[in-house]
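Visitor: Each chain, written out:
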Amino acid sequence: MSERNVLHVENITMQFGGVVAVNNLSLDIPEDKIIALIGPNGAGKTTAFNCITGVYQPTNGLVEFMGKPMVCGFPKGKMRKQYKGDNHELYVKQKTLSPTPDEITKLGIARTFQNIRLWKSMTVFENVLIAKHMRARQNVFSATFRGNAKEERRMREETMALLEEQGLEKFKDELATSLPYGLQRRLEIARALATDPKLLLLDEPAAGMNPQETQELADFIHQIRDKYKLTVFLIEHHMDLVMKISDYIYVIDFGSKIAEGVPKDVQSNQRVIDAYLGVSEDE
Amino acid sequence: MGKRINEMINPALRNPEEQKAKKLDLTVAAVLLAVLLVFLIVLDNVLPQNSFTLMLIPVLKKGAIYSLACVSMNLLNGFTGLFSLGQAGFMLVGAYTYAIFSIPSGQHNAVYQYFDGGAIKFSIPELLSGVLGDTAGSFLGSIICIILAGLVVAAFAALIGIPVLRLKSDYLAIASLGFAEIIRAIFQWNGLGAVTNGSNLLRKYTAFSNMKIDIGSFSLKFSTLFPFLIAGLSILVIVLLINSSYGRAFKAIRDDEIAAEAMGINLFKHKMLSFVISSFFAGVAGALLAMYQTTVQASTFNTTMTYEILLMVVIGGIGSISGSCIAAFLYIACSEWWLRFLDSGAIGSISVPFFRDGFRKVVFSVVIMVIVLFFSKGIMGDKELSLSRMIKKSKAKRAARAEAKAAEGGEAK
Chain Z
301 MSERNVLHVE NITMQFGGVV AVNNLSLDIP EDKIIALIGP NGAGKTTAFN
351 CITGVYQPTN GLVEFMGKPM VCGFPKGKMR KQYKGDNHEL YVKQKTLSPT
401 PDEITKLGIA RTFQNIRLWK SMTVFENVLI AKHMRARQNV FSATFRGNAK
451 EERRMREETM ALLEEQGLEK FKDELATSLP YGLQRRLEIA RALATDPKLL
501 LLDEPAAGMN PQETQELADF IHQIRDKYKL TVFLIEHHMD LVMKISDYIY
551 VIDFGSKIAE GVPKDVQSNQ RVIDAYLGVS EDE
Chain F
3 MGKRINEMIN PALRNPEEQK AKKLDLTVAA VLLAVLLVFL IVLDNVLPQN
53 SFTLMLIPVL KKGAIYSLAC VSMNLLNGFT GLFSLGQAGF MLVGAYTYAI
103 FSIPSGQHNA VYQYFDGGAI KFSIPELLSG VLGDTAGSFL GSIICIILAG
153 LVVAAFAALI GIPVLRLKSD YLAIASLGFA EIIRAIFQWN GLGAVTNGSN
203 LLRKYTAFSN MKIDIGSFSL KFSTLFPFLI AGLSILVIVL LINSSYGRAF
253 KAIRDDEIAA EAMGINLFKH KMLSFVISSF FAGVAGALLA MYQTTVQAST
303 FNTTMTYEIL LMVVIGGIGS ISGSCIAAFL YIACSEWWLR FLDSGAIGSI
353 SVPFFRDGFR KVVFSVVIMV IVLFFSKGIM GDKELSLSRM IKKSKAKRAA
403 RAEAKAAEGG EAK
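So the protein sequences, as listed, match chains Z and F. Residues are numbered in the numbering used here as their position in the first sequence, beginning at 1, plus a constant of 300. Residues are numbered in the numbering used here as their position in the second sequence, beginning at 1, plus a constant of 2.
Be a bit skeptical, because a hint or two may be false.
Quick list of in silico lysine to any residue cross-link-like pairs, SDA-like style, CA-CA up to 25 Å [to be verified]:
#: 1; chain 1: F; residue 1: Lys170; chain 2: F; residue 2: Gly383
#: 2; chain 1: F; residue 1: Lys22; chain 2: Z; residue 2: Ala449
#: 3; chain 1: F; residue 1: Lys394; chain 2: F; residue 2: Leu375
#: 4; chain 1: F; residue 1: Lys22; chain 2: Z; residue 2: Glu469
#: 5; chain 1: Z; residue 1: Lys333; chain 2: Z; residue 2: Ile489
#: 6; chain 1: Z; residue 1: Lys395; chain 2: F; residue 2: Phe270
#: 7; chain 1: F; residue 1: Lys399; chain 2: Z; residue 2: Glu474
Everything labelled a hint here was simulated from the structure, so no lab data went into it. Bear in mind the structure is a predicted one, so any value in this text is a computation, not a measurement.
The whole structure should be built from the sequences, with the hints applied where relevant.
Guide: And the structure:
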């Protein structure tokens, strides 16, 4: 297994007004691994995800994808005075990069959402099919006047194949939102896979699932990792799941990294235990 | 051939049952269109002019034009989820473009009497008539002018879209409404009089009544068929677009912008595409409206017109093409024809105290309130009119009724 880093996050800081949501966070995601990001509620996990996927432009820091700079920024304008993080001079000389989420998806990073975001008025089949739109070779004229019939057929066949692999083909003509919760999660992952990603970001994939569904999900994540040669980076609260599937864990609290390591080390780390259980003031 | 057409309309259909249903729908639609075609030719040429046809013909023409205006607005509001209110402004630009390029050069001095005959001295239908002869020239010339009108409006929309499409929901509505008003003010400005004739009318250009073929002493008229053909073709293109990969992307943006962006759909590009295409067809509708009215004046393309079109879209069902068309015809027929008696002061010979000028609008407002309160999804909701769906529904109903009866019988025993 190569030890190349798919994603390299360096000193990412995200500051909203005076609140520092993510502080000087550095991560490495090696190829073919399953990496978890954990932390108590409000620790800044989803904000970190949003910085990587282009939803937010980080106030300071650098993200490299497949060895190439993808996102880069330093405090500008009003932020120059307000900035509370470290390393504020480090990236001033670098070129600012702020791609939009769709550009990042095109590079090969797909994501799911904490609160499921399927397209409500559309069927399961259409939900996956639309994710294929980005990589289709067509323009608006060829699509309107059906000059893209071959491409369209390819998209449909691939969608069908993907649904069959995920065991969703029975539901293909049903509205996405009519599926049970666990299947909606699975559909969201299938939709993300339809964009042909190299790196899959899962934001709390087990949220709201019962123990059995969580167990199935663990197997499922392993399966898709092997099948599609993916690297998986996930945020999760279910410690059982995290400890079971991840190769390496990053722990953050109040926006800063407090620990990292293989599951066994993280489990016994005193700072992690304190962050999760709370530590009294007078100690 | 039938299969090929099926695949063209919606290649998603692999299911044989659905394919059969689609085939039925398409056959019915084709038959209805053929009947309509024959009826319109008969209406134009054979039927005598009486009080009935005198009301029917304008309603049909205007209904077809407003159908297109509604469908183009629906593409933007119903399918892409961009609540834009610039429709009247875009139709104005379309109407003016059409009129300016099709006023015969001999009439320029009369039309532009305050502006020394205007700046544009040629007319496209006339130029083509010189080459192709009068009939082909006026047909082809006006079609070229209509397409030109669409293109000019699309260019306007692309410019306006750059700032406006960065806004969301209500702000987008207000900004587009503002731009429509700015366009109207600019076209009424005397400084541009040499092109737009300032606040005066544009007239004497090629209209629906010019759409005829002279064969000896007899002339075959197409004055009602022509708007139906142009509007029908335009609506067909919009339907094809909506069922294509891009149409699905538009719907994804409408349902959830954040998810759409995360799945690699470039929001700005797709919103712009939808905005420009919708505006193109609004321009075509504007050009047709100019042909129908035979005169164009900027002051008639006001916000009331936008609201009227929006109302038809809402009545028909946001997100339904067939709903928009049905609502457009119904609305036009009511306001121009069926509810006219409310303004006349009497039903037949019985005079009614409330019936006077403007009472029609009162009744109309009440009807609209009832629709918005109790039928907020409109006539069609977001479904399309389809015979196979209706058959399926009635079958399901009958089956349910039979089941209920059987259950009752069982209980009785």
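Visitor: All hints, please: hold or fail.
Guide: Checked hints:
1. Lys170(F) with Gly383(F): Holds, because 24 Å separates the two Cα atoms, which is no more than 25 Å.
2. Lys22(F) with Ala449(Z): holds (21 Å)
3. Lys394(F) with Leu375(F): violated (29 Å)
4. Lys22(F) with Glu469(Z): Holds, because 22 Å separates the two Cα atoms, which is no more than 25 Å.
5. Lys333(Z) with Ile489(Z): Answer holds: Lys333(Z) to Ile489(Z) is near 17 Å, not above 25 Å.
6. Lys395(Z) with Phe270(F): Measuring from Cα to Cα gives roughly 24 Å; hence the hint holds.
7. Lys399(F) with Glu474(Z): holds (21 Å)
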